[in-house]
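*Asks:* Letter by letter, the chains look like this.
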Amino acid sequence: MRAGLVVSIIGHVGAALMTMLVWEASSSLPTSGGAVVPIEIVAIADEANVRALRLDAPDEEASAQEEQTAPEEIQPAAAPTPGARRPPPRPQEEEFDLSDASAFINREREPNNRPREGELSTRDQEGAGRGTAETATLEARIASISSQALNRCWRSVADMPDPQRLRVVVAIRLNRDGSLNGQPRVVSPTNYTFDPLMSEAVNRALRAVRTCDPLDRLPEDPIVGEAYDLWRDQEVEFKVRQ
Amino acid sequence: MKRAEVMLMRLFAAFVIAFAMMSSAAPVAHAQVRVSVEDGHLNPMPIAVVEFIGANPAAQQVGRDVAGVIRANLDRSGLFRPIASNAFIERIQALNVPPRFADWKIIDAQALVVGEITPQADGRIRVDYRVYDVFAERELTSDTFVTTPDNWRRIAHKISDEVYEQLTGEQGYFDTRIVFVSETGPRTRRVKRLMIMDQDGANPFFLTSADAMVLTPRYSPTAQTITYMSFETGAPRVFLYDLATNRREVLGDFPGMTFSPRFSPNGRGVVFTLDMNGNSEIYAMDLGNRARRRLTNNAAIDTSPSYSPDGNQIVFTSDRGGSPQLYVMNSDGSGQRRISFGSGRYSTPVWSPRGDLIAFTREGGGRFAIGVMRPDGSGERILTESYLDEAPTWSPNGRVIMFFRESRGGGARLWSVDLTGRNLREIPTQTDASDPAWSPLLP
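Residue numbers (this note's numbering), protein chains in the order written: chain A, 537 to 778; chain B, 95 to 537.
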């Protein structure tokens, strides 16, 4: 009898812990990188994510379709948390910053009345998590901004023998102002001490990162500027185009 | 019952601990954006070379001269852009004080070279220098030379080589010399003498007299020895010239003409062309025992041999296919195969010291071009073309090619071009000049 009680307690506590672990995993999902997340989850993120969608122009058709195709078992994990409420609709004028031409152009290009990129940064400030599709879009923009800057600072290895071989990956961590936090770390190659050409390729990559320091276009960007947690850590691959 | 309970409780505790460990060990999930950088640029690297400081006016003058030569070397390489000194913010006053990197970052200097000239009690000078990576804020290298004041140019070249190596990852080529054919006098009675100078055109002097015409000088890749062809003894003959002792000697006594000699990579052998009764064949000679071996046997003209840097193969010119084309064979003469198939006539092939390319002269459509191709004949690229571009020679690091260019009705001059086909520059010479040969790095 008492043993049964103990088994029951263990069972219940175990179940509770399992649930907590699942919640933990789901809450960290959106920031773990869009690239590895299946498309189904992207659809859920649009419809039933922890944060609200753009309210003044919802994509009815897409939402309906997504509801139908959304797998049942994933829905509980992506259900709204009690703390995440839809922000009240705001007037359109607030969202259009005409002084910022690039943000304006981005809005114009956004297809199907989907949530506009310009809104994302203001929503981040409201505290809730970020949708997966949103994360993927932001990451693409961050990669593009960093790539543009670093291309200008990188002396290509195209003038070296066998340049295709000289691929270098450097991990960097940035401060909120876009400056380097600590030294850049060479991720690949792992051993190049006795390879003078590869050493030079590594030097050119490190020099590019340092010359481009600070990457101040990131914090200044109207769209990704506030998404520091997304651009804080970057892995930069330097290689010649095939 | 009690034991079962205890066991269950233990199991439960283990569960809880395991969960606790798992959750605490889970890394904070931070997105790591992947950034791809593929374009870049090939612009010259901005570099600041500060006039070396000196304790007295004479030392300061040497300091200015050394910095000037380093700047000129780096600029001529096409890989660096020395920043004008009037843009400098910080004034370097002592070598032991680290520079204010921020002041050099502002003017976009990627690297900084500083130095000091210190007169010694015995009349010599001590040259100290330091090279900094400005953006990494660290010293890359430093060194000290002690030498006679008149040797300051070589010190400047050596420092240039060190800077070049530190910042490009490749060996430099500034502390080298060029031997070439100096041409003077009217076209009908041209005087051709061997001349040698530093790679930047400084310190030129004649090696041979005006009595006999000389052609095709070639440097030994390992020693300060030159081989060339001269009419000194009447018929064209291959000579050896030891620069250390100024001793000259004829290479072998052959019944016919010998020409287009070139050293083997280890410097212990020479490969050349021997013409007997109008048939030119390629021979290799061991300089130790003077034994010679015939490598080609063909009714056509086989000439201009050049070893691969590993010594295993030889590239040469032959007209056995109807027009002069490039061929490669093993160093024992076996496995002869044609590698050039483009339009035009190919000649004067030279294997790169890096081994990856062969430079050549191509003639076609009334123009001459300098080009490179891989040893299998693929990837042919023309680097420069004019009325007459001829006789390429490689810098010891295999990055630069020097050749001579002759304009219509004008004299010949030495030029250099980068392996990428960029950075075409004339090398200043006092007389007309042809047939350059680049030395290895000086010892």
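Don't read these hints as lab results, they were simulated from the structure. A virtual CB, placed ideally from N, CA and C, is assigned to each residue, including glycine. Mixed in with the good hints there might be a few duds.
Negatives, chain A to chain B, calculated, CB over 10 angstroms [claimed, not checked]: (1) ASP713; (2) VAL722; (3) PRO725; (4) ASN727; (5) ASP769; (6) LYS775.
Just so you have them, the derived chain B footprint on chain A, three or more residues with Cβ under 8 angstroms [claimed, not checked]: (7) 679-686; (8) 690-702.
*Asks:* Which of the stated hints cannot be reconciled with the structure, identified by number in ascending sequence?
*Replies:* 5 and 6
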